[in-house]
Every structure is written in C-alpha cells, then in structure tokens.
Amino acid sequence: MRLSTPNIQLNEKGKLRHFLTLEGLKHHHLTEILDVAESFIDPLTGEINKLDTLHGKAIMNLFFEPSTRTLTTFEIAEKRLSADVVNLNIETSSTKKGETLLDTLWNLEAMLADMFVVRHSESGAAHFIAKHVAPHVHVVNAGDGQHAHPTQAMLDVFTIRKHKGDIFDLKVAIIGDVQHSRVVRSQIQALSILEAREIRVIGPKTLLPSHPEALGIHVYDNVEEGLEGVDVVINVRLQNERMKSALLPSEKEFFNLYGLTKERLAYAKPDAIVMHPGPINRGVEIDSEVADGEQSVILEQVTYGIAVRMAVMSIIFRNSQELQEEKRQALLDLNMMETSE
Amino acid sequence: MRLMVENIRILDPQQDIDQVTNLYVARGRILGIGKEAPEGFEADRIINGTGKWLFPGLVDLQARLAEPGSHYEGTIASETKAAVSGGITTICCPPDTMPVNDSQAVTELIQRRARQAATAFVLPIGAITKELGGQYLSNMAALKNAGCIALSQANSPIQNSLTLKNAMAYAASNDILLMLRSENKNLKNNGVAHSGVVSSRLGLTEIPASAETAALARDLILVEETGVRAHFSLISTARSVEMIADAKKHGLPVTCDVAAHQLHLTEYDVMDFDSLFHVTPPLRSHDDKAALRIGLKMGVIDAIVSDHTPLDRDDKLLPFGESAPGISSLETLLALTLKLVEEDVLDLNQALAKVTNHPANIIGLHHGSLETGNSADFCIFDPETHWTLERKEMISKGDNSPFQGWEFRGQIEATYFQGRPVYQNNPV
Numbered sequence: 001m002r003l004s005t006p007n008i009q010l011n012e013k014g015k016l017r018h019f020l021t022l023e024g025l026k027h028h029h030l031t032e033i034l035d036v037a038e039s040f041i042d043p044l045t046g047e048i049n050k051l052d053t054l055h056g057k058a059i060m061n062l063f064f065e066p067s068t069r070t071l072t073t074f075e076i077a078e079k080r081l082s083a084d085v086v087n088l089n090i091e092t093s094s095t096k097k098g099e100t101l102l103d104t105l106w107n108l109e110a111m112l113a114d115m116f117v118v119r120h121s122e123s124g125a126a127h128f129i130a131k132h133v134a135p136h137v138h139v140v141n142a143g144d145g146q147h148a149h150p151t152q153a154m155l156d157v158f159t160i161r162k163h164k165g166d167i168f169d170l171k172v173a174i175i176g177d178v179q180h181s182r183v184v185r186s187q188i189q190a191l192s193i194l195e196a197r198e199i200r201v202i203g204p205k206t207l208l209p210s211h212p213e214a215l216g217i218h219v220y221d222n223v224e225e226g227l228e229g230v231d232v233v234i235n236v237r238l239q240n241e242r243m244k245s246a247l248l249p250s251e252k253e254f255f256n257l258y259g260l261t262k263e264r265l266a267y268a269k270p271d272a273i274v275m276h277p278g279p280i281n282r283g284v285e286i287d288s289e290v291a292d293g294e295q296s297v298i299l300e301q302v303t304y305g306i307a308v309r310m311a312v313m314s315i316i317f318r319n320s321q322e323l324q325e326e327k328r329q330a331l332l333d334l335n336m337m338e339t340s341e
Numbered sequence: 001m002r003l004m005v006e007n008i009r010i011l012d013p014q015q016d017i018d019q020v021t022n023l024y025v026a027r028g029r030i031l032g033i034g035k036e037a038p039e040g041f042e043a044d045r046i047i048n049g050t051g052k053w054l055f056p057g058l059v060d061l062q063a064r065l066a067e068p069g070s071h072y073e074g075t076i077a078s079e080t081k082a083a084v085s086g087g088i089t090t091i092c093c094p095p096d097t098m099p100v101n102d103s104q105a106v107t108e109l110i111q112r113r114a115r116q117a118a119t120a121f122v123l124p125i126g127a128i129t130k131e132l133g134g135q136y137l138s139n140m141a142a143l144k145n146a147g148c149i150a151l152s153q154a155n156s157p158i159q160n161s162l163t164l165k166n167a168m169a170y171a172a173s174n175d176i177l178l179m180l181r182s183e184n185k186n187l188k189n190n191g192v193a194h195s196g197v198v199s200s201r202l203g204l205t206e207i208p209a210s211a212e213t214a215a216l217a218r219d220l221i222l223v224e225e226t227g228v229r230a231h232f233s234l235i236s237t238a239r240s241v242e243m244i245a246d247a248k249k250h251g252l253p254v255t256c257d258v259a260a261h262q263l264h265l266t267e268y269d270v271m272d273f274d275s276l277f278h279v280t281p282p283l284r285s286h287d288d289k290a291a292l293r294i295g296l297k298m299g300v301i302d303a304i305v306s307d308h309t310p311l312d313r314d315d316k317l318l319p320f321g322e323s324a325p326g327i328s329s330l331e332t333l334l335a336l337t338l339k340l341v342e343e344d345v346l347d348l349n350q351a352l353a354k355v356t357n358h359p360a361n362i363i364g365l366h367h368g369s370l371e372t373g374n375s376a377d378f379c380i381f382d383p384e385t386h387w388t389l390e391r392k393e394m395i396s397k398g399d400n401s402p403f404q405g406w407e408f409r410g411q412i413e414a415t416y417f418q419g420r421p422v423y424q425n426n427p428v
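Protein sequence lines, in the order shown, are assigned to chains W and L. Residue numbers for the first sequence follow the UniProt record's numbering, so the first one is 1 and each next one is one higher. Residue numbers for the second sequence follow the UniProt record's numbering, so the first one is 1 and each next one is one higher.
Do not take every clue at face value.
[As the list claims (entries may be wrong)] For the chain L half of the interface with chain W, some residues (derived, Cβ under 7 angstroms), not all of them: (1) Phe41; (2) Ala43; (3) Ile46; (4) Ser195; (5) Val197; (6) Ser200; (7) Arg201; (8) Leu202; (9) Gly203; (10) Leu204; (11) Phe273; (12) Asp315; (13) Pro319; (14) Glu322.
No wet-lab data here; the hints were simulated from the structure. We put the CB at the ideal spot given by N, CA and C, even for glycine.
Can you make the complete structure from the sequences, with help from the hints?
Structural data, given as structure tokens:
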C-alpha cells in the first residue's frame, strides 16, 4: 500500500528540484521558503528589490488555462530575479493544432528553457511534465486542476506568519468550496506541515471532499460554530459554474448560509485575520465590509505572493547549482586520487 | 497429429480432475485422460510433462482485440498471439470496435480475421444498440445468428431505463445473453478516479461507488421484470457483490465477473498520477478489493476477465485525467489469477475455474474443459519458473500495463489450440 506520492520533486539530497505540491514536503522545506521570502522584503519600506540571482536563466510560463493574477505575479517575481521570461498561452496555440503536450514541452526544452512554470486544468499535469523534462529543467506548479497550487498556499502561510508570528497552535477556518479548490488542498497541506492546531472547513457537503478525513480536517456545516474562536479565516472564491452544476441553489442562498459577514466574523477571535486568495466575489462569499475591513489582509497576500514565488524559484536554482558543484568536486577528487596513484 | 502428454499434473475444474497422468489428443480434439491410452491410440509425438501442469486453455469473457480499428493499438493477429502466450484460447471481444460491431458484416469480418490468424477462438459480442448509442436497438437476433455469443454495450451503458428494459425484454424473447456494465453516467460525472481518500487528496474528479451501484440496482430490477439472462461485467464495489449475491439468492438468472487488476490494485496506486493505472471502472478502495476477493471465494463472482485494452503509447502519455483508460492485460490474466492462490484467496481449482469452465458455462460453450471430444485447447505450465513482466517483452501491441516489474511465479511453457502448439516459451 502506497500512502504517499514518490517525491519526484526532491533531488538526491532531499532538496527541492521541482515545486509541484506540498504533500510529502517537510517542515524545513516550508520554513526555508518562508525565510528566504522574508529576506527579499525590505524591512523598512516593505518593497522587494531587484536581484540578479537568475541572470541568464530562461523561465517559460506555460499556461494551459487562462490566468491573469498568477501569471502576472510569477512574471514579476521572475523579472525581479533577472531571469529571461517567456509567456506562452498554450490554450490558443500548439496543442490546439494537434501537437501533443510532450511535443510542445520538448520543443520548448530545445529552446533552452531552464524552468517551466505550469498551469493546467488537469490534476497531476505538473507531475506529468516534471516526469518528462530533461534533468536540468525544473518545474513549478502554478495550479493543476483541483490538485495543488503550492505557491499560493505558501504565500497564505507567509501572510499568516507575518501577522501571527508562527503557524503552530493556530486555529484556522476555511469557508467555501473545498472540493473543487486546488488552493485549499495546498493550504490544508501547508497548515498541516507547519503544525497548525486545528484546520476547519466550513461549507455544504456538495462543496466538501468525499473523504475529509484524508485531509486531516474538521468539517462544519454551521458557519458560526466553525468560526468560533479561530485565529485565521480563509475565504475561498465561489465559482459560477457551481450553481450551473446543481451544487448550490443560488449565490444568494450561499451568501445567506455561508457568506462571511461582520456578524459572523465576530465569532472568531477578536484579532483574527481574514484572507482570500482572490479574485473576490463581493456579496457572494464575502461581504465588502469584511473584505475591506481592518481584519482583512487580502491585498498583503498579493504583494507577498511575489516574494514567495521569488523564494521558491531561487531555492530551486540554488539547490541545482549546489548539487552540480558537489558532483564536480567529487569528480575532481576522484581524478586527484587517480593521478596520485 | 496424435499427441500424448505424459506424466503431467492435469487440472480440469469442470471434471474435478487434479492428478498426475497422461493426456491424449487426436485430430485436434481431446481423446482422453488417464494412465491407459485409448484403444488403438499410437502417438506421433510424446511430450514428457514431469514436474509440469496441464490445464484447459483460458476463456476470457472480455478482451479488446482492437480490430476493426486503427491498427495502431493492435490487430486480431497480434492480440491473439498475446492471448495464447498467456494461456488464453477463447476470447470474447466486446463490440466497441471501429466501426462498432452492431451488424452482421462486422461480426463476420471479426470471425474471418480470427480464422486467418488461427491462433485462438475469437467470439464476438454484438452491440445492444446501434453504434452503442443507447437509443435504437441493433438487429439483436441477426447478430446472435451471425455468431455473437452475447450482446453488450461495452463501456457505454444504456442510460435510458425504458430503452434498456425493451432491450432486455427483446433479448429474453430471443434467448440472448446480455453482458451489462452498470454505470450511471450522471453520477460518474466525467470522473476519472474512485471517490475516496486518494481523490480527496489529489483533487482528481471523483467517480462514486454509487455510479455503479445505483445503476446495478436499476438493472437488477429490470432483469427481474423481464427475465433476461444477464451477465454483469467488471463489477468493482463491495456493494455490487452484495447486490449480486442477493439477486442470485432470489433466483435471478444473473452471473458476474471482475477484472483481474481490480483484485490486486486499489485507489492508492494512482497516488503518483501514473496514467497506466487509469481504468474504467476506476481502481477502488481496499475494502472493495477485499469484498471482491471474498465474492470470488464465495462464488458470487463467477469469472475473472482481463478487460484487455491495448492502447497506443500516446494515449497514455498524457496527464492522468486526459489519458485513455485501460490496461493491456491478456498476458497477465493467468498470472494475476494464480497470484490469488499464492495469497490464499482461492485454491488452485477455484482459481482455474474462474478463468476456464465458469466463463465458458456463462456463454453456454464447452470451452475451458478437457472433456473428451472437446477442442484440444490446453496449456502446459511450469509452476517453478519465476518471471518478471517487462514492457519490451510484451507481445500485445499495447504495452500499457501497470504490472511491469511485477514478479510472478509459474509460467506458460506452451499453449495448444485445436491440438497444435500456438505458443512456446523459449522454443528449442
């Protein structure tokens, strides 16, 4: 019985080679990302400086499904690290002409790509690509199907850490569509690895996974009970198609039952923060009064997203460089030994 | 040719034989079993079977031979060769060919190609509805008369209950066996993985067990109402086993089978998104696997099938949900069945029965047995060999097997079809 994914995202030293999912990563992997991201933010101005860490590296953003926010923050992060950046909206190009995903990939590899940042509508697509790229190419998952969105989750825990100091011992409530959300799956994993005291999900059964116990979460269908005494409230976007597929009767009813209002937020701790991975639907999953209120940290999340993505990419390239150095050194040592013999 | 295989352990569940003795073959038929040769028999060739086993050629109720089709995935010639290398000498092929086997012409084409290949019996299964569309009944009686041993909808179960009821009633009045796979398309909801622990973690679109069981409940009620002989293919859930057991207890004319891979793999095998584990119905939970094994042992599940689906490599070189479902499995049907003996799920006699006489009895044929007068289709098996399934050594044109690298004990040494050797491992 296999209980966890064979971790193809780690190199032989157990360090990040790709960044596909948080499942299977250790506490130190996550804290390293958080610490490096922290180092990119100027403590006085809060700004992120431009660095030449990835000068000469070619990063291709392969977006097989549309995205504005994630693509933009990745692009800014890549440019802040001085990488050469190419954006490819594959949805409207090669695969539509019959070229297979792997053909596309191998052609781009031949164009000397060093890293692919991938978004795809199928769960596991980033894993698939990582399995088939050349050894020197790295893959970062920018969202695959309903599976994972690990950089988004990392920026969420980064934001929590900024406000709460540590994740350990916190009670976190996530309201909304857990079943169809790659962001929430990754958030739950990040919070679990960082040993949050309790992770609650709040929503109707139609929006919750069939086996919540597999994710180590506590399920609440009553929003007030679920928010009672929590330190962090994460609100998740509700997709319109959930209404069309009969998972919910209407936006109005959802808001009446699960919408995050000021009155409901009062059940959480007084210093609880409110988060949302965006883009928000005002009046559907969250009330404007809360979204723009003093407990909201939604816009900070966006800024931190750049630092976290910079951290992930720079760590991956640094690990790769270290490994090459070690191998080169080992080879030199071997040659030295042979010469001396 | 008159052949004698001497001093070999002969296993034939149909005749309840398990003894070291001799087998006699003449003119492509079984002449007898026993220490004494039939009167007047003089062998042209004698095979010494010391230390080996001999059992009937396997009967596989569901294997796609990919012909008619694109020929990239396989042909009747290529796939029957793969079949006999795994000891299968009778293959029932579902109607989801290209074009669909919904006419006498396609049935006859399959039969002609099988005769040309002359490697194994290929018994076509016709489509219940035209183009498997689930709307209009095919010429069901004409298909039966052309030689279809049963009719089915392959992986496109009829969703409209009235159409299904009519198909059953019509089949009942013409004594046609229906092979049904129960699946509610709405509950399946384009899912790709079992609704369980793994899909919850990986975010793979879920197929609940109810996609099978809700449809099976409907199908059983309609069987009861129409009296049709129904065989349920590829059951995959614990609840399905209970429901079939209950139906049998109440005297319904039903039988069922399970795919060999469902008895060894579970949802956990899709943990790393390997598309080789993408199958329909999906790999289920540990509890389901355990219930399927118990169902086999208790006789609720009558047969084990390969559900062979050879695929072009490109069909699997895709993210899990976009890849085509299916396993190339003719070469592992026997090995996976005998593994159940090693794991104390079945005894040897029971295991062989599930792939020989039981499936043959379901389709009302004498295949899968060494009874005197039967076509001499049998396997010589070396129980002591160990072998590992290697992709590059697969005979099927489709090498899409998740069992690559699995080690198996015991291997087919030779397969005989109509008294002729059609496969020999390591021929001298």
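Right, here's what the structure says about each hint:
{"no.": "1", "hint": "Phe41", "result": "violated (53 angstroms)"}
{"no.": "2", "hint": "Ala43", "result": "violated (51 angstroms)"}
{"no.": "3", "hint": "Ile46", "result": "violated (48 angstroms)"}
{"no.": "4", "hint": "Ser195", "result": "holds (5 angstroms)"}
{"no.": "5", "hint": "Val197", "result": "holds (4 angstroms)"}
{"no.": "6", "hint": "Ser200", "result": "holds (4 angstroms)"}
{"no.": "7", "hint": "Arg201", "result": "holds (5 angstroms)"}
{"no.": "8", "hint": "Leu202", "result": "holds (6 angstroms)"}
{"no.": "9", "hint": "Gly203", "result": "holds (3 angstroms)"}
{"no.": "10", "hint": "Leu204", "result": "holds (5 angstroms)"}
{"no.": "11", "hint": "Phe273", "result": "holds (3 angstroms)"}
{"no.": "12", "hint": "Asp315", "result": "violated (10 angstroms)"}
{"no.": "13", "hint": "Pro319", "result": "holds (4 angstroms)"}
{"no.": "14", "hint": "Glu322", "result": "holds (6 angstroms)"}
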